[in-house]
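**Q** Listed here are the chains, written in short residue letters.
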Amino acid sequence: METLEMTQEEQFQARIDADVRIEPKDWMPDAYRKTLIRQISQHAHSELVGMLPEGNWITRAPSLKRKSILLSKVQDEAGHGLYLYSAAETLGTTRDQMLADLHSGKAKYSSIFNYPTLSWADMGCVGWLVDGAAILNQVPLCRTSYGPYARAMVRVCKEESFHQRQGFEIMQTLCEGAPEQKAMAQEALNRWWWPTLMMFGPKDEDSPNTAQSMNWRIKRFTNDELRQKFVDMMVPQAEFLGLTVPDTQVKWNEARQAYDFGEVNWDEFWAVVKGNGMCNRDRLGARVKAHEEGAWVREAAMAHAAKRAARQVVAA
Amino acid sequence: MEDAMQFAPSENPALATYSPEVRQQLFRFVLQLADTSLILGHRLSEWCGHGPILEQDLAMANIALDLLGETRSLYQYAAELEGQGRTEDDLAYLRSATEYRNPLLVEQPNGDFADTVVRQFLFDNFHYHFLKQLVNNADERLAAIAEKSLKEATYHLKWSSEWVIRLGDGTEESHRRVEKSIAELWRFSGELTIPTALEKELQTIGLIPEYADIQASMTAHAERVMEEASLVIPQQVFMLTGGKDGRHTEHLGYILTELQYMQRTYPGMTW
Amino acid sequence: MKHDALIQTVIMTQSEWPLWEVFIRSKQGLDHKHVGSLHAADAQMAIQNARDVYTRRQEGISIWVVESKHVHASNPDDAEAFFDPANDKVYRHPTFYQVPDSIKHM
Numbered sequence: 000m001e002t003l004e005m006t007q008e009e010q011f012q013a014r015i016d017a018d019v020r021i022e023p024k025d026w027m028p029d030a031y032r033k034t035l036i037r038q039i040s041q042h043a044h045s046e047l048v049g050m051l052p053e054g055n056w057i058t059r060a061p062s063l064k065r066k067s068i069l070l071s072k073v074q075d076e077a078g079h080g081l082y083l084y085s086a087a088e089t090l091g092t093t094r095d096q097m098l099a100d101l102h103s104g105k106a107k108y109s110s111i112f113n114y115p116t117l118s119w120a121d122m123g124c125v126g127w128l129v130d131g132a133a134i135l136n137q138v139p140l141c142r143t144s145y146g147p148y149a150r151a152m153v154r155v156c157k158e159e160s161f162h163q164r165q166g167f168e169i170m171q172t173l174c175e176g177a178p179e180q181k182a183m184a185q186e187a188l189n190r191w192w193w194p195t196l197m198m199f200g201p202k203d204e205d206s207p208n209t210a211q212s213m214n215w216r217i218k219r220f221t222n223d224e225l226r227q228k229f230v231d232m233m234v235p236q237a238e239f240l241g242l243t244v245p246d247t248q249v250k251w252n253e254a255r256q257a258y259d260f261g262e263v264n265w266d267e268f269w270a271v272v273k274g275n276g277m278c279n280r281d282r283l284g285a286r287v288k289a290h291e292e293g294a295w296v297r298e299a300a301m302a303h304a305a306k307r308a309a310r311q312v313v314a315a
Numbered sequence: 000m001e002d003a004m005q006f007a008p009s010e011n012p013a014l015a016t017y018s019p020e021v022r023q024q025l026f027r028f029v030l031q032l033a034d035t036s037l038i039l040g041h042r043l044s045e046w047c048g049h050g051p052i053l054e055q056d057l058a059m060a061n062i063a064l065d066l067l068g069e070t071r072s073l074y075q076y077a078a079e080l081e082g083q084g085r086t087e088d089d090l091a092y093l094r095s096a097t098e099y100r101n102p103l104l105v106e107q108p109n110g111d112f113a114d115t116v117v118r119q120f121l122f123d124n125f126h127y128h129f130l131k132q133l134v135n136n137a138d139e140r141l142a143a144i145a146e147k148s149l150k151e152a153t154y155h156l157k158w159s160s161e162w163v164i165r166l167g168d169g170t171e172e173s174h175r176r177v178e179k180s181i182a183e184l185w186r187f188s189g190e191l192t193i194p195t196a197l198e199k200e201l202q203t204i205g206l207i208p209e210y211a212d213i214q215a216s217m218t219a220h221a222e223r224v225m226e227e228a229s230l231v232i233p234q235q236v237f238m239l240t241g242g243k244d245g246r247h248t249e250h251l252g253y254i255l256t257e258l259q260y261m262q263r264t265y266p267g268m269t270w
Numbered sequence: 000m001k002h003d004a005l006i007q008t009v010i011m012t013q014s015e016w017p018l019w020e021v022f023i024r025s026k027q028g029l030d031h032k033h034v035g036s037l038h039a040a041d042a043q044m045a046i047q048n049a050r051d052v053y054t055r056r057q058e059g060i061s062i063w064v065v066e067s068k069h070v071h072a073s074n075p076d077d078a079e080a081f082f083d084p085a086n087d088k089v090y091r092h093p094t095f096y097q098v099p100d101s102i103k104h105m
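Residue numbers (numbering that gives the first Met the number 0), protein chains in the order written: chain A, 0 to 315; chain B, 0 to 270; chain C, 0 to 105.
Hints are supplied without guarantee of correctness; some may be wrong.
Claimed, not checked - Distance ranges between label pairs, derived from CB positions:
| no. | chain 1 | residue 1 | chain 2 | residue 2 | range |
| --- | --- | --- | --- | --- | --- |
| 1 | A | E9 | C | Q27 | 45 to 53 Å |
| 2 | A | P178 | B | G84 | 19 to 27 Å |
| 3 | A | D231 | C | D30 | 37 to 45 Å |
| 4 | C | Q57 | B | A137 | 29 to 37 Å |
| 5 | B | L93 | A | P23 | 51 to 59 Å |
| 6 | C | V65 | A | H102 | 26 to 34 Å |
| 7 | A | D259 | C | Q27 | 54 to 62 Å |
| 8 | B | L93 | A | R142 | 47 to 55 Å |
| 9 | C | Y90 | A | D231 | 53 to 61 Å |
| 10 | B | G84 | C | V70 | 56 to 64 Å |
| 11 | A | E291 | C | Q27 | 54 to 62 Å |
As the list claims (entries may be wrong) - Straight-line Cα separation of at most 27 Å, DSSO-like style, residue types lysine-lysine; simulated pairs:
| no. | chain 1 | residue 1 | chain 2 | residue 2 |
| --- | --- | --- | --- | --- |
| 12 | C | K68 | A | K33 |
| 13 | B | K157 | A | K306 |
| 14 | B | K199 | B | K131 |
| 15 | A | K107 | A | K33 |
| 16 | C | K32 | C | K68 |
| 17 | A | K273 | A | K107 |
| 18 | A | K33 | A | K181 |
| 19 | A | K107 | A | K202 |
| 20 | B | K179 | B | K147 |
| 21 | B | K147 | C | K26 |
| 22 | A | K250 | A | K33 |
| 23 | A | K24 | C | K26 |
| 24 | A | K107 | A | K157 |
| 25 | C | K26 | B | K150 |
| 26 | C | K32 | B | K150 |
| 27 | A | K250 | A | K107 |
| 28 | B | K179 | B | K157 |
| 29 | A | K181 | A | K288 |
| 30 | A | K202 | A | K250 |
| 31 | A | K157 | C | K32 |
| 32 | B | K179 | A | K64 |
| 33 | A | K107 | A | K306 |
| 34 | B | K131 | B | K157 |
| 35 | B | K157 | C | K32 |
| 36 | B | K150 | B | K131 |
| 37 | A | K157 | A | K228 |
| 38 | B | K179 | A | K306 |
| 39 | A | K157 | C | K103 |
| 40 | A | K306 | C | K68 |
By construction, these hints were calculated from the structure, which means they are not laboratory data. These numbers come from a predicted model, not from an experiment. Even for Gly, the Cβ is constructed at its ideal location relative to N, Cα and C.
Can you make the complete structure from the sequences, with help from the hints?
**A** The structure is reproduced here in structure tokens:
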């Protein structure tokens with residue numbers, strides 16, 4: 000009967016510690032709810048905004064096969080955004096509210112999408128590196144404490160698995176192709192490597208919320224742990240492709256059984272987070288435009304549904 | 000998983016029986032169908048990431064993907080009919096605007112959502128009824144491609160018909176917009192069923208369906224949808240033609256500039 | 000909730016397409032299973048959106064949609080009263096009964 004003396008909050012934590020999933024109607028601390036809404040919607044926004052840098056190459060894809068693959072991949076991202084918005088909605092917010100926060104700049108999305116995609120090799124790098132980094136983040140979230148979020152992530156991860164492979168395949172084809180193609184691949188890697196490392200967020204010592212989030216199991220590894228994992232995974236893959244990672248300090252550390260690597264340019268990281276990346280304005284502008292120009296369409300569908308329902312009542 | 004390359008060349012015994020002339024005509028016609036699906040799929044894919052709501056972004060991408068799948072099957076067949084060693088990508092990426100044979104309708108810009116819906120509706124209404132005939136075609140390969148595409152086109156027509164109704168019956172604004180799109184785009188609809196010299200010849204030898212046979216069901220469907228949408232079918236519209244003979248609106252050049260950018264900039268490479 | 004806030008909520012929920020829960024039968028003979036949710040203006044659109052969103056990889060052969068507001072759920076606070084009483088009804092399970100080894104087909 001000890002549990003009776005536990006506070007609601009202690010009981011909640013005990014369930015999480017026992018790996019029992021929290022479901023929408025269960026009691027949860029306000030801070031847990033708020034943090035989750037922020038995290039899930041941020042993730043959903045990243046999928047939504049993430050459609051843009053790749054989307055602008057769908058019309059320029061170099062073969063019909065690549066065009067179909069890229070379109071289906073970007074479409075998947077729309078699906079992933081949708082799954083995640085739905086998961087967040089179970090916490091008592093609405094998609095409209097979340098979009099309003101995105102459009103006003105209040106909500107964030109992954110800064111990586113504020114970098115431009117300039118060549119076809121960028122489609123390779125986004126799939127191989129950016130999706131690779133995202134997967135490292137997402138796979139542990141399939142076991143996150145909030146049920147609807149975990150289930151959405153299972154679906155996302157299942158679909159996501161082809162994304163990284165198609166990116167790697169693009170890179171491999173380029174690297175095995177003509178010298179211009181290989182150069183295109185290296186040039187893209189040079190641009191994407193560091194921004195991808197930034198995707199894992201600030202260093203652990205600058206990430207004050209990590210401890211609480213880990214406690215709640217809505218985050219399962221620290222930023223630096225994931226960043227290290229990523230480097231350890233990617234350096235050999237770059238070597239396989241015959242590409243050079245643009246970091247002279249990358250070196251295998253026998254004692255740590257991991258790669259040492261250089262310091263991320265944190266000034267650039269914060270500048271982009273604060274809205275001063277190359278594409279921040281374009282990306283957000285494109286989303287706001289789509290939403291505003293879609294308003295009359297959404298209204299029309301609602302009006303028609305209401306009219307039809309009314310007609311059915313009259314007819315009955 | 001089905002892929003565009005599901006049709007093995009051996010599946011078409013008729014191929015050997017065609018005279019060189021018929022084979023050339025059929026090649027040109029299949030190319031026309033492929034160009035049509037490609038350009039419309041391309042246009043729809045421009046919406047990806049910019050749709051009015053996520054759910055419809057997914058829907059439009061699905062339609063575009065269906066059309067691209069059909070495109071590939073058709074180009075592959077065209078390449079075989081031609082027998083010159085060209086590939087699907089050669090046909091899509093290395094032909095100029097005047098060599099493209101798609102009808103004018105599908106190259107028209109996306110405009111607003113109403114423009115896209117009306118363009119889609121006009122095309123789907125033709126596509127669906129045309130494919131329904133084509134599944135019984137004497138050319139087995141075309142019939143097989145049509146059978147797969149017909150299932151997709153059935154869904155497309157449902158999607159675009161319902162949206163015409165929603166927009167027509169929805170709000171004042173949506174009604175006004177869709178009315179404007181109809182006034183703008185209807186003049187491109189006639190070309191779909193006005194046979195070119197090539198089509199007439201193929202119809203004469205019974206290798207492609209007579210458009211007169213599908214006109215009645217197309218009209219009936221359009222009338223039903225337009226009525227439910229409280230919209231009026233424009234009368235006595237001057238129908239623009241030319242696309243199927245390679246005389247296009249200026250839009251196509253820009254589409255191809257983008258579509259063919261990589262292949263033109265880096266000739267002969269594998270991607 | 001204050002009156003203004005209530006009206007605001009009504010306006011907000013009206014401007015957005017309603018939320019629908021989606022259930023998919025993955026193959027003949029299996030139950031429809033909840034797979035997620037989506038927004039749609041009406042039931043017909045909800046079914047089509049479900050097809051476009053949740054069956055892109057041959058996940059289903061049949062779709063149910065239910066507007067989320069029509070789903071009534073048991074309250075987690077009642078969980079003990081609802082579900083614990085079944086714990087001691089072991090006699091409802093076949094393993095509770097001992098059958099002689101020589102008896103077959105039971």
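**Q** All hints are to be evaluated individually against the structure, with a verdict given for each.
**A** We went through each hint and held it up to the structure:
1. Under the hint 45 to 53 Å, the C-beta atoms of E9 of chain A and Q27 of chain C, about 48 Å apart, fit the expected range.
2. Hint check: P178 of chain A to G84 of chain B, Cβ distance near 26 Å, so the stated range 19 to 27 Å holds.
3. For the hinted restraint 37 to 45 Å between D231 of chain A and D30 of chain C, the CB-CB distance of approximately 43 Å keeps it satisfied.
4. Here the CB-CB span from Q57 of chain C to A137 of chain B is close to 32 Å, well matched to the stated 29 to 37 Å.
5. For the hinted restraint 51 to 59 Å between L93 of chain B and P23 of chain A, the CB-CB distance of approximately 55 Å keeps it satisfied.
6. Distance hint check for V65 of chain C and H102 of chain A: the Cβ-Cβ separation is about 30 Å, which falls inside the suggested range of 26 to 34 Å.
7. Between D259 of chain A and Q27 of chain C the C-beta distance comes to about 56 Å, which sits within the given range of 54 to 62 Å.
8. Judged by the Cβ atoms, the range 47 to 55 Å given for L93 of chain B and R142 of chain A holds: they are separated by roughly 50 Å.
9. At about 56 Å, the beta-carbon gap between Y90 of chain C and D231 of chain A stays in the expected band of 53 to 61 Å.
10. For G84 of chain B and V70 of chain C, the hinted distance range of 56 to 64 Å is satisfied, since their beta carbons lie about 60 Å from each other.
11. About 44 Å separates the C-beta atoms of E291 of chain A and Q27 of chain C, a value inconsistent with the hinted range of 54 to 62 Å.
12. Straight-line distance between C-alpha atoms of K68 of chain C and K33 of chain A comes to about 23 Å, which keeps the hinted pair within the 27 Å bound.
13. A C-alpha spacing of about 20 Å is found between K157 of chain B and K306 of chain A, which places the hinted pair at or below 27 Å, so the restraint holds.
14. With a C-alpha separation of about 19 Å, the suggested pairing of K199 of chain B with K131 of chain B holds against the 27 Å cut-off.
15. As the CA atoms of K107 of chain A and K33 of chain A are separated by approximately 14 Å, the hinted pair is consistent with the 27 Å bound.
16. Taking the CA atoms of K32 of chain C and K68 of chain C, the gap is about 18 Å. The hint holds against a cut of 27 Å.
17. Only pairs whose Cα atoms come within 27 Å are accepted, and K273 of chain A paired with K107 of chain A is accepted, the gap being roughly 9 Å.
18. Between K33 of chain A and K181 of chain A, the direct Cα distance comes to roughly 46 Å. Violation of the 27 Å bound is thereby established for this hinted pair.
19. Annotation: proposed proximity of K107 of chain A to K202 of chain A holds, straight-line Cα distance about 18 Å (limit 27 Å).
20. About 34 Å separates the Cα atoms of K179 of chain B and K147 of chain B, which puts this hinted pair outside 27 Å; it is violated.
21. Among the hinted pairs, K147 of chain B with K26 of chain C is consistent with the structure: their alpha-carbon atoms are about 21 Å apart, no more than 27 Å.
22. A threshold of 27 Å between alpha carbons decides the hint, and for K250 of chain A with K33 of chain A the separation of about 41 Å lies outside it, so the pair is violated.
23. About 30 Å separates the Cα atoms of K24 of chain A and K26 of chain C, which puts this hinted pair outside 27 Å; it is violated.
24. A distance of roughly 25 Å separates the Cα atoms of K107 of chain A and K157 of chain A; the hinted pair therefore holds under the 27 Å criterion.
25. For the suggested pair K26 of chain C and K150 of chain B, the alpha carbons sit about 19 Å apart, so the restraint of at most 27 Å is met.
26. For the given pair, K32 of chain C sits about 25 Å from K150 of chain B by alpha-carbon distance, which is consistent with the 27 Å threshold.
27. About 34 Å separates the Cα atoms of K250 of chain A and K107 of chain A, which puts this hinted pair outside 27 Å; it is violated.
28. Distance check on the hinted pair: K179 of chain B and K157 of chain B sit about 22 Å apart at the alpha-carbon level, within 27 Å; holds.
29. A C-alpha spacing of about 37 Å is found between K181 of chain A and K288 of chain A, which places the hinted pair above 27 Å, so the restraint is violated.
30. A hinted pair counts as satisfied when its Cα atoms are at most 27 Å apart, and K202 of chain A with K250 of chain A qualifies at roughly 20 Å.
31. Between K157 of chain A and K32 of chain C, the direct Cα distance comes to roughly 18 Å. Compliance with the 27 Å bound is thereby established for this hinted pair.
32. Proximity of K179 of chain B to K64 of chain A is assessed by CA-CA distance (about 36 Å); at most 27 Å being required, the pair is judged violated.
33. For the suggested pair K107 of chain A and K306 of chain A, the alpha carbons sit about 38 Å apart, so the restraint of at most 27 Å is broken.
34. For the hint pairing K131 of chain B with K157 of chain B, the CA-to-CA distance comes to about 15 Å; that is within 27 Å, so the pair holds.
35. Taking the CA atoms of K157 of chain B and K32 of chain C, the gap is about 26 Å. The hint holds against a cut of 27 Å.
36. Taken as a hint, the K150 of chain B and K131 of chain B pair is honoured in the structure, with Cα atoms around 10 Å apart against an allowance of 27 Å.
37. In summary, the hint linking K157 of chain A to K228 of chain A is supported, as the alpha carbons are separated by about 20 Å, within the 27 Å threshold.
38. A hinted pair counts as satisfied when its Cα atoms are at most 27 Å apart, and K179 of chain B with K306 of chain A qualifies at roughly 22 Å.
39. Straight-line distance between C-alpha atoms of K157 of chain A and K103 of chain C comes to about 45 Å, which puts the hinted pair past the 27 Å bound.
40. For the proposed pair K306 of chain A and K68 of chain C, the alpha carbon gap of about 20 Å is at most 27 Å, so the pair holds.
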